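Guided by the hints, dock chains E and V onto chain C, whose structure is given.
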Amino acid sequence: MAAQAEQVPSIMKQGRATPWAYLLPALIVMATFIVYPGLNTFYLSFRNTGNTGWAGDNCIAGEPCWGAFENYRYALTSPVMQTAFGNNLKWILLMVSGTVLLGLLIAALADRVRYESPAKAIIFLPLAISFVGAGVIWKFVYAFGSGQVQIGLLNGLLTALGGQPVSWLTEPRINTVALIVVGVWMWTGFCMTILAAALKNVPTEIIEAARVDGANEWQVFWGIMMPQILPTVAVVVTTMVINVLKIFDIVYVMTGGNYGTEVIANRMYIEMYTSFKTGRAAAIAVVLIAVIIPAMIYNIRRFRAQEAAR
Amino acid sequence: MSAQRLKRWLGGLPTHIVLIGLCGLWLLPTLGLLVTSFRPFQDVAETGWWTALSPPKGAAEYAEFCAACHGSDGKKIAAADLTRQELVQSYRRSFTLIAALEKEINGRPHLGDTPVPDEFQAAAVAAYLRRISGIEARPRFTLDNYTDAMTGYRGTTNYAADCAAGTQSLDLFCDWRDLGNPRGMGRAFLNSLLVAIPSTLLPILFAAFAAYAFSWMHFPGRQFMFALLVGLQIVPLQMTLIPISRLYAQLGLNGTFFGIWLFHTGFGLPYAIFLMRNFLGSLPQELFESAYLDGASHWTAFWRLALPLSAPAIASLGIFQFLWIWNDLLVALVFLGGEHPVLTYQIGNMVTSLGSGWHLLTAAAFISMALPLIVFLALQRYFVRGLLAGSVKG
Amino acid sequence: MNKQIGYLFSTVVIAAMLITACGGGATTAAPTAAPATSAPVAGGIDCLGAKAGDTITMLYQWSGQEETRLNEILKPLVDACGLVIKPESTRDQALLDTKVQAGTPPDIAFWNTAQLVQYEAALVPMDKLGAQGENYADFFKAPGTVNGKWLGLPVKADIKTIIWYSPAVFAAKGYAVPTTWAELEALVEKMKANGDVPWSMGMESGDATGWTGSDFIQDILLVKQGPQYVLDLISGDVAYNDAGVKDAYEIYGKWARDPKYTVGGAQGTLSTSFLDAIYKPYSDPPEAMMVKQSGFAGGEVAKKYTDLKYGTDYDFFAIPGAQGLQGGADWMMAFSDTPAVRALVAYLSSTEGGANWAKSGFDLSPNKGAAGNYIDPALIKKGEALANTKGFTPDIGDTIPGGFGKAEWTALVDYVNGGDLDAALAAAAQVQAEATK
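Each protein sequence line maps, in turn, to chains C, E and V. Under the numbering used here, think of the first position of the first sequence as 1, with each following residue one higher. Under the numbering used here, think of the first position of the second sequence as 1, with each following residue one higher. Under the numbering used here, think of the first position of the third sequence as 1, with each following residue one higher.
Hint data in this document are derived by calculation from the structure and do not stem from the laboratory. Because the structure is a prediction, the values reported are computed rather than measured. There may be inaccurate statements among the hints.
Claimed, not checked - With a cut-off of at most 25 angstroms between alpha-carbon atoms, the simulated SDA-like pairs for lysine to any residue come out as follows:
#1 V:K309 <-> E:T114
#2 V:K173 <-> C:Q148
#3 V:K173 <-> E:N158
#4 V:K437 <-> C:A68
#5 V:K304 <-> E:A165
#6 V:K303 <-> E:E46
#7 E:K7 <-> C:V149
#8 V:K390 <-> V:A318
#9 V:K260 <-> E:N158
#10 E:K57 <-> V:A168
#11 V:K304 <-> E:D162
#12 V:K309 <-> E:R177
#13 V:K86 <-> E:I132
#14 V:K304 <-> C:V149
#15 V:K303 <-> E:E339
#16 E:K103 <-> V:D196
#17 C:K90 <-> E:L22
#18 V:K303 <-> E:G155
#19 E:K57 <-> V:G49
#20 V:K75 <-> E:K57
#21 E:K7 <-> C:Q219
#22 C:K200 <-> C:A210
#23 V:K260 <-> C:V149
#24 V:K192 <-> E:G155
#25 V:K304 <-> E:I132
#26 V:K303 <-> C:W218
#27 V:K359 <-> V:D376
#28 E:K57 <-> V:Y305
#29 V:K173 <-> E:E339
#30 V:K304 <-> E:N158
#31 V:K437 <-> C:R112
#32 V:K173 <-> E:A165
#33 V:K309 <-> E:L305
#34 E:K7 <-> C:W218
#35 V:K304 <-> E:E339
#36 E:K7 <-> C:D57
#37 V:K359 <-> E:T167
#38 V:K190 <-> E:I135
With the rest of the complex left out, here is chain C (with noise of 0.2 angstroms):
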C-alpha cells in the first residue's frame, strides 16, 4: 500500500474531486448496468416465482423447506445442480489447464519459426466465431450417425479404422469432455496471445547467456523463462477459472445441458427463461458469484503484491 502512495510523484497532486471527475463515467456507467442489477438479483433470490412474496411461499407442504432461503436449498442441495457444480469442476479441471498449456506450448514454438503470424491467428480463429457457428461446426466433428454413413469427422475416422461409432455427445462419460475440448479450441488462442506477449517479454541477453553457457532449449525454457513469466500465468489462470466458471453458451448451444452436461451457468439460464423461476435463477446467480469471488480476490491481491514490489 505504501508502495502505491508514493508511485505517483508528488509534484502530480491534484485537487479533490479531479480524480473523482475521471471516474465519474465509468462510476455511472457501472452503477446503473451492474450494480443496480446485482443488487437486484440479491433481493429476488429471497422472492417467490412470481415475486409475489417471500421465497418460502415456494415450499411444498411435507418436503424439506428453508423459509426465505428455500431458492437456495434449490440451488444449493437439488440433483441438477449437484451435478453442474460437479461439471463446472471438470470444466476448471480440464479447460483452464488445457487452453493454458496448449497456449503456452503454441507460443513457445512459434516464436522460433519464420511463420509465427499465420500460425497465431490460426489458433485465434475460433475466437472469431460466434457460438452459433461453433456449434454448426463442431456438429460436423461429434456428429453420430446411427446408420451405415457418418458425417461426423471422429466418427468418419473411427469406422474407418473399424470401430463402432460413438455418441459423443449424449454418453455420459465423455460428453462433458467433448463439450471441454469445444471450450479449449474456442479459448487457447486468448491464453496464447497473452503469454507469447510475456514471453517475448523476456530479455534476449538473459536467454543468449544462458544458451552461451550451454543451457538446451528445454533448460533454456523451464530455467529461464517460466520463472519471469509465472506472474503472466497466475493473471491467466484466475481469468481462465472466472471464464470457465461462468461458461454457458457452448453448453446451451450443444446439448441444452441434457444427458449430464449441466453447469450452473446454463441452470440459471433455464430457470430464468425456461421454467421462468426468477427466484431460483437469482439464487444461482448468487452462488455462482460466492464460487468466483474468491478467484476474484486472489487476482486483485496478486495484482497489488505485484505493484508494492516494483
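This is chains E and V only, laid out in the frame that chain C set:
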C-alpha cells in the same frame, strides 16, 4: 558448416511438426464447415464432407453391374437408355431396382452370371442413375448457400432457381438491390458495425479515464475502488437483462442503438479498467514527471501522453471487446430485437422454428467471421506489447 | 499526432451517434409495410377504425419461409387498412419474457398456451377484441381460456398423432397400414423379424431435445388411457409418475432403446436430430420404416428428396387406436387494445381469415373457415383429420406452465439414456406438482 546447418534443421524439426500439427487440428473443424458451406444441403447428411472430392456415389457399382451391357455412358442399349428420365423414374430407389434386376430379360437373368447387388449396392447404382438421367441433377459444389444467406432468401428451393423461374417472393428484385434486403445479411452487417464500433470505443475511453485516475492521481480509497470495479466482472450478464430493460422502458431506450452501446459499455468496463490500469501504471514515471515540470495539466497529460502511449493496450482491448460484441446474440436480441437486426440475430433466424434452413448457417458463419478476422490480422502486431499490460510490467 | 488519437475517439463516437440518429427511423425490418390507402373497408375486411399508418408490433417464433407465409396471409388486411406491421422473430423465450416484465410487450405475440397462464394479467381477452368465436370448435377454445377468460386465439395448428411412412416401400416389402394398436405392434414385430428397423425416433433438438419423444408418449397415452387422462395430467389431477404414464414410457422405451426397433438404439434416439430422423424412412436403402412426427414432416421430406411424390413415395396414417388427436397450436395473444389490433383479431378469426390461412399452405388453421380451402394434398388430408376429430388435446409440456415441458423432456432423455424410470418420472412429477399447485 552444412553439417551443422543440417543438425540445426533437424533439431528444429520437432518444433515444426508439433506446431503445424496443432495448427492443422485447429483448422480442421472450420475446414469441414467451409467445405460443407459449398455443398448442396441435400448432400450434407448423405456423405461426410471429407468425401466431397471422391468420385460420385455409385460410379464404382455402376461400372461393376451395368457398364458391361449399358455402356459407360448408359446409352449403349437404345431401348433401355439409362439417361432417359422416364425410364429411370421407375427404378430410382434400390427396392424397385432390385425387383427389376431379379426379373428375367429374354428368358435370361437380367445380370447374366453376375449376382444381383445387395440393397446398398443397388442404392448406389440407383443414385448414379438418378444423376446421369438428370432426375437429381445437382452440382457437387454450389454458391447457393452464400447467395441465399446474403439475400435473406426464404423460399423452398434457392434464390438462383426462383429468380430464373421468376417465382421469387415480393421483397426480392433479383439484382444487386437484394444485397440490401432487410432479411439478408447486408443490412445486418451494417447494424452490427453500428453496434460494435461505439460499444468498443466507449468502454475503452471511459476505462482510460478511470485507469488514468487510478494510476497517476492521489485520492483516498483508490485501492478499494479499483478492486471493487474490477471485481464487478463476476455479475452474470443474464441476470441483468430484466432490470435493465425495465429501466430502458421508462427511459425509452429499448430498441435503440444508444441503449445497447451503454449496456455493452457497462459490461466491458471491468476488464477494460483492469487492463488499462495495468498498462498505464507501467509507463515510465519520469515521463509524466517531466510533463508536469513543463506545465502540463492532467487533462493534457491524459490526451497527449497516456492515451497515445497506450495504443497497444487499446488495440488488444479493442479487439477482444469487438469480438465479444460482434458475436453476441443475447444482448442484441433483448435490447435491439428485430427493429435493427444484427448479424447474429439474422443468422439465428435463417433456421425456421422447425429446424430447416440450417444449411444457410454454414455460409452465414463464414460471412460473419470475415470482418473480425481482418481486424485481428490488422491489429495483430500490437498484441505483442498490448496484452502484456494485463500481466507484467514493461 | 498525439492529439489526433484523442480526437479520433470523440469524433468516431459522435459520428456513429449521428449515423444512428439519422438512420434510426429508416431501418425498420418490416417487409409488410404497405402503401397507405385510406379505404376503410375493402374486400370484406373491416378495419374497425384502424387508420392507415397504424402500427402493430408482433413477436413470433416463425422465420424463414414460415414468416413469408404469415406475410401473405396478412397482406389483404395490411393492404386494406394500411397497417404497418413491425414484426420480431425469435425462438428465444427470453425476449418475450423480458419485454413483458419490462412493461413493453408487443401488441401481439404468437406463442404457446403456457404463456396465456403466465401473462394472464397482461392480456386482453379475445371476445373483448371482437374475435369471432363461432368459427372455433370448443376444444380449440378451451386451452386458450384461463380462469374463464378467452385469452388466446389458436391461429395455426398441426396434428401430431400421425405416422409417416413410404407407401412404395410398404408395398415392396409387403407391409400393410395398421388399423388398430395391436396391428401396429404386430407390424413392428414383423418388421423386426424381417430385419427391417421399424422406427426412426431421433429426438435431438438443442435445448429442446426430447420433444419428439414426449409427443410420442402422449400419443401412446391417447391410445391406452384416452384424452381425459391427458387433460387430468395437465390439470395435475393425475401425477406424472402415475402407473399409466409409466406404462406409456415403457412401451416407448422398449422401442427407443433398442437398435433392432429404432435406428441406432438409445444413442441413435438421443443424438439423431429430429430433422434427420424424418429423412430416414426415405433414404435409400431406407434406414427405417416409419417415423412418428407431426404434419410438418412431409414438407421436409419434399425439400430434401426432391424426386419423391406425396401419396406414393411418402404419406402418413393416423396412429391407430388413438382416441382423438394430439396437436400443437400457436396461440395469438394480445397485450394491447387498439383499433389496429381489433382489426387483426377480427380478420384472423373471420371466415375469410381462416380461408386465407388455409390457402397460404401455412399448416392447418383451427378456424372453421379453413375447410375446403387447402390446396396442398397433404394439408387437405390433415385438414380432414382435424375437422373430423372427436377431441383435440394440447401438448402436455406446452400447456403446463413453470418449465414442466423441459422437466418432461429431461425425464425422457434420462430414461432413454439408461436412467431409472421411477426416479426420472418422480422428478418430473415434482415439477408438475409445483406448477399445478
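Against the structure, test the hints numbered earlier, and report the numbers of the ones violated in rising order.
1, 3, 7, 9, 12, 13, 15, 19, 20, 24, 26, 29, 31, 32, 33, 35, 36, 38
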